[in-house]
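Undergrad: Below are the chains, spelled out letter by letter.
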Amino acid sequence: MEKELKRIIAILVIICILFISLIVYLSYFQVFKADKIVNNSYNKRLWINEEKILRGSIIDRNGKILAYSEKSGDTYNRFYNYGNLYSHIIGYSYREYGKVGLELEYNKALLNISESTPLKELKNVVIPNTEGNTLKLTIDHHLQAYSREMLKGKKGAIVAMNPTTGEIYSMVSMPDFNPSTLKEDWNDIMEDGESPFLNRATSGLYTPGSVFKVIPTIAALETPGLDLEYECTGSTKIDGYVLKDYGEKAHGKVNLEEALVRSCNSYFAEKGVQIGKDKIGEVADRFMINSPIPFDLPTAKSTFPYKGNMGKTDIAAASIGQGKVLVTPLNMAMIASGIANKGEIMKPILVKEIISPEGRIVSTNHPQVLSKGTDIFVANEVKNMMVEVIKRGTGTNASIKNVRVAGKTGTAENPSGKTHAWFIGFAPAEDPKIAIAVVLEEDGTTGGKSAAPIARNIIIEALNSI
Amino acid sequence: MMLNKKVNYRMPRNLLVLFELMALLLLFIYDKENIDKFTLISVISLIFIIYISNFVLLRISTGDNYIFLIVTMLISIGVVMIYRIDSTLGMKQVIWIGMGILVFFITYLLIKRIKGWENWAKLYAIISIGLFIATLILGTKRKGSINWIQIGRFSFQPTEIIKILTIFIISAYYSNYEKYKEKKYGPYYLMGIIYIFIAFLFLQRDLGTVLIFYSVFLALQFIYEENRKLILFNILLFVISGIAGFFLFDHVRVRFEIWIDPWKYIDNKGYQITQSLFAIATGGFFGTGIGLGHPDFIPEVHTDFIFSAICEEMGIFTGIGIIMLFLILVYRGFKIAINQKDKFFRIVALGISILFGIQSFIIFGGVLKMIPLTGITIPFVSYGGSSMISSFIALGILQVASEELDVEEKRYGEGT
Chain A
1 MEKELKRIIA
11 ILVIICILFI
21 SLIVYLSYFQ
31 VFKADKIVNN
41 SYNKRLWINE
51 EKILRGSIID
61 RNGKILAYSE
71 KSGDTYNRFY
81 NYGNLYSHII
91 GYSYREYGKV
101 GLELEYNKAL
111 LNISESTPLK
121 ELKNVVIPNT
131 EGNTLKLTID
141 HHLQAYSREM
151 LKGKKGAIVA
161 MNPTTGEIYS
171 MVSMPDFNPS
181 TLKEDWNDIM
191 EDGESPFLNR
201 ATSGLYTPGS
211 VFKVIPTIAA
221 LETPGLDLEY
231 ECTGSTKIDG
241 YVLKDYGEKA
251 HGKVNLEEAL
261 VRSCNSYFAE
271 KGVQIGKDKI
281 GEVADRFMIN
291 SPIPFDLPTA
301 KSTFPYKGNM
311 GKTDIAAASI
321 GQGKVLVTPL
331 NMAMIASGIA
341 NKGEIMKPIL
351 VKEIISPEGR
361 IVSTNHPQVL
371 SKGTDIFVAN
381 EVKNMMVEVI
391 KRGTGTNASI
401 KNVRVAGKTG
411 TAENPSGKTH
421 AWFIGFAPAE
431 DPKIAIAVVL
441 EEDGTTGGKS
451 AAPIARNIII
461 EALNSI
Chain B
1 MMLNKKVNYR
11 MPRNLLVLFE
21 LMALLLLFIY
31 DKENIDKFTL
41 ISVISLIFII
51 YISNFVLLRI
61 STGDNYIFLI
71 VTMLISIGVV
81 MIYRIDSTLG
91 MKQVIWIGMG
101 ILVFFITYLL
111 IKRIKGWENW
121 AKLYAIISIG
131 LFIATLILGT
141 KRKGSINWIQ
151 IGRFSFQPTE
161 IIKILTIFII
171 SAYYSNYEKY
181 KEKKYGPYYL
191 MGIIYIFIAF
201 LFLQRDLGTV
211 LIFYSVFLAL
221 QFIYEENRKL
231 ILFNILLFVI
241 SGIAGFFLFD
251 HVRVRFEIWI
261 DPWKYIDNKG
271 YQITQSLFAI
281 ATGGFFGTGI
291 GLGHPDFIPE
301 VHTDFIFSAI
311 CEEMGIFTGI
321 GIIMLFLILV
331 YRGFKIAINQ
341 KDKFFRIVAL
351 GISILFGIQS
361 FIIFGGVLKM
371 IPLTGITIPF
381 VSYGGSSMIS
391 SFIALGILQV
401 ASEELDVEEK
411 RYGEGT
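Residue numbers (our numbering), protein chains in the order written: chain A, 1 to 466; chain B, 1 to 416.
Be careful, since some hints might not be right.
Stated by the list, open to error - Computed list of lysine-lysine pairs in DSS-like fashion (alpha-carbon distance at most 25 angstroms, straight line):
1. A/6 to B/335
2. A/44 to A/183
3. B/269 to A/36
4. B/181 to A/3
5. B/269 to A/3
6. A/3 to B/229
7. B/179 to A/3
8. B/184 to A/33
9. A/6 to B/229
10. A/99 to B/37
11. A/6 to B/269
12. B/341 to A/3
13. B/341 to A/33
14. B/269 to A/44
15. B/264 to A/3
What the hints contain is simulated information worked out from the structure, not anything from laboratory work.
Given the sequences, and given the hints that come with them, work out the whole structure.
TA: See the structure below:
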């Protein structure tokens, strides 16, 4: 009997262990694995709600409808009114292909679903939610269409924004795709070597070339006791490496303004080394290089790896926007905005308001200072230099009658062998209404020749229409 | 003593009724269009029957009254969930429960009145083999297993009955162990019978039940077999047949592959288990609330996957609650066994407790992907007539085993 009892208890203990392991596993599953499993795209629960809700519309800053949904039978269909025009802003939403762009980032707002709590679930049962919110963008449809027209047939990106509020007026990335015919085009897009799905404006990382010189310019102005004079001979030798000016042109005796106006490479290479990587890096950091930019769409991080091992040649190259420096067009537009906006960089905004089906404004993206790039005096000084760039320097193609434009051109050498043509700028200089960054990828031309006229046209259009 | 008992049992009994009434109220809110007079009357009568049964049991049985209470709690949770998934099935389940309770009382009285259960091992074996053969000849295939017999409109699963008969065979064998040991091949009688059963189950491709038979047999053998080498031999054979099954039978291998990585086969063979995991993951700790989840995405949710549905809509706290209820049920069963002086009923009580424990563990672990999934029902919770009736038969027997069976003990003592 004694033996029997012992064995009975042994079996009971085994069963208890089995059951307790069940409880432990169930808790472990819920705490550590559940989140990932719930978000698996095969989980029908994720889109069952979507199919019962009329997805909200997306409108531009003037109320023009850009995307909307309509009921047909039991399902809702999504319509994109302007085809390619908003491929990188709005993106698309298909069950087969998933979601990208604002359709993804603002999915919950568009469906009017919030974080689920028992109380909200209950409310949803009593008053079923059938219609999603409308997104009002900061985009100006007219300028967006015009910007795309400017970039047609080319590769590259344009970002035009309000420097004082951070509102994005137009944002174009080429090549693009048509979200309305995604099903038919899917295979072609996937095989396209130019990656039409990449939003170059926010995620394209480019060598900036001379447009980056505004950063060492600010660093130079913030460095007391730096000798700003320099005798340019058309090239300079740093640690054995020869850095040439464009066309090996000798600029003679130049000061900081002249160097920026004529985009003198040897000046910035020499001065950059004198200023040092840490100071330039610190200024770059304040202008949101090396840090993620909070935005309504995913952004890539511009880089200037000054904290790593950088030799004198690296610093010299970086000072003229070559070498290890990589930037996004959005970041460059923000740098131009910062100089325009008395040194303060505003957080870029793409979605202005979320409006409920009843027309009530659910939330507003208010202008917000993201970072202080420099002080107002330095900003003004750089601004005046940039005005001179347009007036008599490399950027004359961007000059507008009766409007003082400030800007900087860039022609970036890159591994492809064909240069990127860059332009950043803003106008009017005395009261900036618009800031812009244009990049023409592997265009093989100079920024002053090809990017500056595009920027000019867009600035004129923006000043006239917004 | 009697008074004390009444006070002890009244509290949980009333709480149970409260739970049921609240669940009923919730169902009304959830499904107000479909509730008619018939539904209402049946559900209220069920609540009444459960209450009265608990009450009556207290009067007629001197044994353990908690096991029936635990079971009625399990039943209540199960039927609420089944009704929410499919109201027709829910109504059928209500009827099955009614019949189950009736069968419980009949079993209780029969087992108690009739003497000599320990002497009919041969009869149990013959009935079992008869049922197995009938299944193979008349059986229909469901979910890849041939384990249903269709008679007219009714279909039932003979293995549900054979499980109990097997426990009786094992109990009869070990309670007359001395007698069998003296015969020539006596020590191997039981093993022979069990392996014949397991062979039949393999033919039916009913892997879950194989596992249950093996576990119950091994556990009881571990307790009562004097020849310890036999146990080792059986465990070895269990492992070898497992490995052989993996290589010989496709359906064994498939189950194993799905268990290792169901996400790879999410479109086809892994669909069911991944849907189950989605459901459990969605529920969180407190669940979505009854009627607010989508357990209907899981195929077979009302039978094998009822636990996933409960976890989704009532939360894993309720899931853990159900696991605990089974644990208490098993614990009470073991306690009953330890206190039982009659050897036959002691072994029967152990067998039934192990059966409840192992069967629920296999399916809980299966739907959680903790162990490979084998399609079996949760006793008392899943939808199904055969399962409900046989579980109640087992419970009726356990109820008898919980009482002091002095008469048997004396008679048995004279016998040896």
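Undergrad: Each of the hints needs a verdict: does it hold here or not?
TA: So, going through the hints one by one against the coordinates:
1. For a cut-off of 25 angstroms, the pair hint linking residue 6 of chain A to residue 335 of chain B stands: about 13 angstroms separates their Cα positions.
2. Taken as a hint, the residue 44 of chain A and residue 183 of chain A pair is honoured in the structure, with Cα atoms around 21 angstroms apart against an allowance of 25 angstroms.
3. For a cut-off of 25 angstroms, the pair hint linking residue 269 of chain B to residue 36 of chain A stands: about 21 angstroms separates their Cα positions.
4. Of the pairs offered as hints, the one joining residue 181 of chain B and residue 3 of chain A holds, with about 19 angstroms between alpha carbons and a cut-off of 25 angstroms not exceeded.
5. At most 25 angstroms may separate the alpha-carbon atoms for a hinted pair to count; residue 269 of chain B and residue 3 of chain A exceed this at roughly 47 angstroms.
6. The hinted pair formed by residue 3 of chain A and residue 229 of chain B meets the criterion: a straight-line CA distance of about 17 angstroms does not exceed 25 angstroms.
7. The suggested pairing of residue 179 of chain B with residue 3 of chain A holds, with an alpha-carbon distance near 21 angstroms, which does not exceed 25 angstroms.
8. Proposed proximity of residue 184 of chain B and residue 33 of chain A is contradicted: the alpha carbons are some 57 angstroms apart, above 25 angstroms.
9. The straight-line distance between the Cα atoms of residue 6 of chain A and residue 229 of chain B is roughly 19 angstroms, inside the 25 angstroms bound, and the hint therefore holds.
10. Proximity of residue 99 of chain A to residue 37 of chain B is assessed by CA-CA distance (about 48 angstroms); at most 25 angstroms being required, the pair is judged violated.
11. Of the supplied pair hints, the one linking residue 6 of chain A and residue 269 of chain B is violated, its CA atoms being roughly 43 angstroms apart against a limit of 25 angstroms.
12. Restraint check for residue 341 of chain B and residue 3 of chain A: satisfied, since their Cα atoms lie roughly 15 angstroms apart, inside the 25 angstroms limit.
13. Between residue 341 of chain B and residue 33 of chain A, the direct Cα distance comes to roughly 48 angstroms. Violation of the 25 angstroms bound is thereby established for this hinted pair.
14. Only pairs whose Cα atoms come within 25 angstroms are accepted, and residue 269 of chain B paired with residue 44 of chain A is accepted, the gap being roughly 17 angstroms.
15. Taken as a hint, the residue 264 of chain B and residue 3 of chain A pair is broken in the structure, with Cα atoms around 49 angstroms apart against an allowance of 25 angstroms.
Going down the numbered hints, you'll see the structure goes against 5, 8, 10, 11, 13, 15, while the others check out.
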